[in-house]
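> Chains L, H and X: place on chain A using the hints.
Protein chains: 4
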Amino acid sequence: MSATEVAPHICLLHGPDQPGLVAKVSNWIFERGGNILHADQHRDVEQGIFFQRVEWIPASESADEQTAFKRFATELGMNPEVSAPGARPKVAIFVSKADHCFHDIVLRWKAGEFACDIVAVVSNHRVMEEAARNYGLPFHHIPVSAATKVEAETAQLKLLAELDVDLVIMARYMQVLSDRFLDGFGKPVINIHHSFLPAFAGGRPYHQAHTRGVKLIGATAHYATAVLDDGPIIQQDVARVTHRHEVNDLIRKGRDLEKLVLAQAVRWHLEHRVLVYGNKTVVFD
Amino acid sequence: MSATEVAPHICLLHGPDQPGLVAKVSNWIFERGGNILHADQHRDVEQGIFFQRVEWIPASESADEQTAFKRFATELGMNPEVSAPGARPKVAIFVSKADHCFHDIVLRWKAGEFACDIVAVVSNHRVMEEAARNYGLPFHHIPVSAATKVEAETAQLKLLAELDVDLVIMARYMQVLSDRFLDGFGKPVINIHHSFLPAFAGGRPYHQAHTRGVKLIGATAHYATAVLDDGPIIQQDVARVTHRHEVNDLIRKGRDLEKLVLAQAVRWHLEHRVLVYGNKTVVFD
Amino acid sequence: MSATEVAPHICLLHGPDQPGLVAKVSNWIFERGGNILHADQHRDVEQGIFFQRVEWIPASESADEQTAFKRFATELGMNPEVSAPGARPKVAIFVSKADHCFHDIVLRWKAGEFACDIVAVVSNHRVMEEAARNYGLPFHHIPVSAATKVEAETAQLKLLAELDVDLVIMARYMQVLSDRFLDGFGKPVINIHHSFLPAFAGGRPYHQAHTRGVKLIGATAHYATAVLDDGPIIQQDVARVTHRHEVNDLIRKGRDLEKLVLAQAVRWHLEHRVLVYGNKTVVFD
Amino acid sequence: MSATEVAPHICLLHGPDQPGLVAKVSNWIFERGGNILHADQHRDVEQGIFFQRVEWIPASESADEQTAFKRFATELGMNPEVSAPGARPKVAIFVSKADHCFHDIVLRWKAGEFACDIVAVVSNHRVMEEAARNYGLPFHHIPVSAATKVEAETAQLKLLAELDVDLVIMARYMQVLSDRFLDGFGKPVINIHHSFLPAFAGGRPYHQAHTRGVKLIGATAHYATAVLDDGPIIQQDVARVTHRHEVNDLIRKGRDLEKLVLAQAVRWHLEHRVLVYGNKTVVFD
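Protein chains in written order, with UniProt numbering: chain A, 1 to 285; chain L, 1 to 285; chain H, 1 to 285; chain X, 1 to 285.
Misleading hints may appear alongside valid ones.
In silico BS3-like cross-links for lysine-lysine, where the CA-CA straight-line distance does not exceed 27 Å [to be verified]:
| no. | chain 1 | residue 1 | chain 2 | residue 2 |
| --- | --- | --- | --- | --- |
| 1 | L | Lys253 | L | Lys70 |
| 2 | A | Lys280 | L | Lys280 |
| 3 | L | Lys110 | X | Lys110 |
Residues from chain H shown here face chain A by an in silico Cβ test under 8 Å; the list is partial [to be verified]:
| no. | residue |
| --- | --- |
| 4 | His100 |
| 5 | His103 |
| 6 | Leu107 |
| 7 | Ala111 |
| 8 | Glu113 |
| 9 | Asn134 |
| 10 | Arg252 |
| 11 | Asp256 |
| 12 | Leu260 |
Source of the hints: derived by calculation from the structure; they are not laboratory data. Note that this is a predicted model, so its numbers are computed, not measured. C-beta: ideal position from N, C-alpha, C; glycine also.
Pulled out of the complex, with its shape left as it was, chain A reads as follows (with noise of 0.2 Å):
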């Protein structure tokens, strides 16, 4: 977890397990004079796949071994993603007026947690604005209604193409991107629930939490999918509350949950620590 002077190749892979796996691609990094840092991995026995992240310095920094390790990979009928060393990805914030998170993120982004370029903040409001502003990053107002979503989101599409945004972060977004939107945008999207999923998905989940009697909150960041509340699942964490506290306390406890699981749910993100398969994730932590 400690900085190194050189930036990593990581390469996060996953194909059907078979024997001498591991092996094989130390070997081939080792082969070419290149020194592992890190190498994990993890079997799913019941589907029979394999995963691994691996994080080495080559022996000398040329393009190539990138692309060398992809074929070297697939070769291998793994499906690999090889991240080039110290590329910083382009990220955009959603938000709404909740402004919680969106100060979180961009305040760790600052200290420098993330290893990324925030690169635009999308809002369907113009509440936030001027925070933005004051942040200096750039603010785009794309007002969404019923009536108007489709080309909405044709206006979000067309500007994440355009800054060849990498990753969307939704800081508290409280609009349901649509299928067009996912496909559209086919790269990936982390939201942030205000619910301990599968526990009270959909609309206003503290004042479900309340109104059930439950003794802990919760929050659970994931990949956003075409099924609401549904994709898988990064991060999650609880809250303990009781019956003394009303549905502004869950909302105010929950803003601190929502803050720390979306933060740890994007931090896992940039630094290839998260593999999706089917609804699940492996995270590398």
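Using the frame of chain A, we list chains L, H and X on its own:
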């Protein structure tokens, strides 16, 4: 929470909120020379309900105190439950094959953590017969099948009535109790469900959790009601899991959660700390 | 915990335990037509001390209520602190270079979590000057060196007196406040120490924790006293770490702990939930 | 973490870091036809040490595999501990009067959570004799007083040698083991200390915690060394307490912590997941 030499009276009361309730109750006790050890109250502002738990030592030990307080509280429009000082509720433990909650409850009881008498262990299997007898506890084998469920519940109810049981603890008893049973018993039944309700109600919750790919598993202790896994929640807790945990690991980790959550709920119940209203609880911890 | 339309009176009192205190206090309020919203009490049985926090709405808004209650409680032998309804304490934040607690406190304040006025940001460095000004907060640079410590503290005290400050929050202010300062200020100072006290008091606690190989790191919010890191503890929390975490990871993870623990302590303090006695606190949560 | 049909070889190794270690180890196994189930490694960058835990199934079950791997790893400059597949370490449990950790360890063992044989219960008191015998475990009463400490330890060492014990678990054994004993035994001893070390080392830690007014209590499982409560920490956990908890409540709540923390440490140790270096541990969880 400390032990006091003389056993205190404890009253749980609730009813329509009105000004002066705290003053009136404390005055009643004070004017008769009693000393309040603890008093805790709560208002449900939305529903206009007042809840109180008060623990006091009367000036002299008379059986009258309990009756008198009950009358007084009822005149205030409150619904009081007054426990006789030093009373030890009679408890029956229902078990099936899993024994971890059973051992945990009995060992805590032997260590003095629960002020009750365990008067029966009831099971639909014979697996725990020897363990119960080693602890010196009477074991009752009442087999249950789809065909014999009504008869079995009748036999259970007869036993509970004969033993004058005040509380049933379902320590991983894997049968659903019918409305008929719950109404016939008419006293509290505490169940431990091996998930973070309302997520994963019903059967095989750890399998459900594994399939969904959650990052925390939970356990929930609640009063049993006619609707499966939907009764008022007393206590919940969670434990962190990762992609490395298979279903068997969830089951193993879950055992610890189930023990702790059930024991805490039973302890609170026996200390007269839990008030049920609607589908929720107030826990005066 | 809910918001009420009219701001209530809140009193924290403590003194020698005696029978009838709960009744007397609630009676006094009730007989004047007041309505108790919350009342919480505690007895330290060993030391024979009674503690109470009571929150009530008087029949009519008169300035007299506060004075009258104070007189009444004093006659009971109690030591009362009565807060005027709706009073907003004046707060000064002391900072050095680390800015995470500073942003966290200010953003919560802006979100309405803290009922206070932040009247000054005081620092021995200029690092946070711009951030403070962007938030619209007056920034005071008072450099401190070994040679100028006495002068610097004198300047700080003068500023605090001029601004009539009620509370100082040390948001990772990296200077030890002298007895002279603490006595001269004469009002509460809340500090956040980045370890689970009493483990790792003093400097570089994350380095100490890393060297010792602990599996949890902590943070502690406490009232500052003459003895370094030894004041009454208000709140503590911990986070899990492993052998994979280097000192920089502990520092990063610790920032989240520090923010949450300090914010919780400040919130409890401002809501008049914390009573200090000896080197301990009673927190009426 | 899943059970596999064939018991795997497990090796823990550590030594000076050098490029290619991961490749060399995995290659050695692969070339002999073995299949790696899990491989986890860690580098202490400051100290330049490489740590690895590798679990594999060899092509054929030969006693030779273990010896051959040991030789190979030693030639690499590593310090290997290879466990024979399916080996069940022999364990002695040391107890005094408190029985909660004892019951917990034995019940988990009976439930199949620990792959070991419990070959002796050793105590300086007779309190747990009957409980041990009920579990079918041989009980050895070896009284200890200041005057007889040396003799007693000699008797203990003799017993451990006769029974060929691999691990001693101090399940709230309230005697300090001397250097002489620890050296004489020469194998791991796991102790549970009832505080969050390094806070509150030594006697009566719950009393110390109560006096200091901490808001969390803890428990620490560590390998016993010559310096009291200072050995390498394997696992720690905490629980929240408030001003309402008296020392007896801390003791009661602490029992749950002690059970969970000790059981986790024992489980990790028995699964060959713990590597000690200096005063710290690497836990491959």
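> For each hint, tell me whether it holds in the structure or not.
Results of checking the hints against the structure:
{"no.": "1", "hint": "L:Lys253 x L:Lys70", "result": "violated (45 Å)"}
{"no.": "2", "hint": "A:Lys280 x L:Lys280", "result": "violated (33 Å)"}
{"no.": "3", "hint": "L:Lys110 x X:Lys110", "result": "holds (20 Å)"}
{"no.": "4", "hint": "His100", "result": "holds (7 Å)"}
{"no.": "5", "hint": "His103", "result": "holds (5 Å)"}
{"no.": "6", "hint": "Leu107", "result": "holds (5 Å)"}
{"no.": "7", "hint": "Ala111", "result": "holds (7 Å)"}
{"no.": "8", "hint": "Glu113", "result": "holds (7 Å)"}
{"no.": "9", "hint": "Asn134", "result": "holds (6 Å)"}
{"no.": "10", "hint": "Arg252", "result": "holds (7 Å)"}
{"no.": "11", "hint": "Asp256", "result": "holds (6 Å)"}
{"no.": "12", "hint": "Leu260", "result": "holds (6 Å)"}
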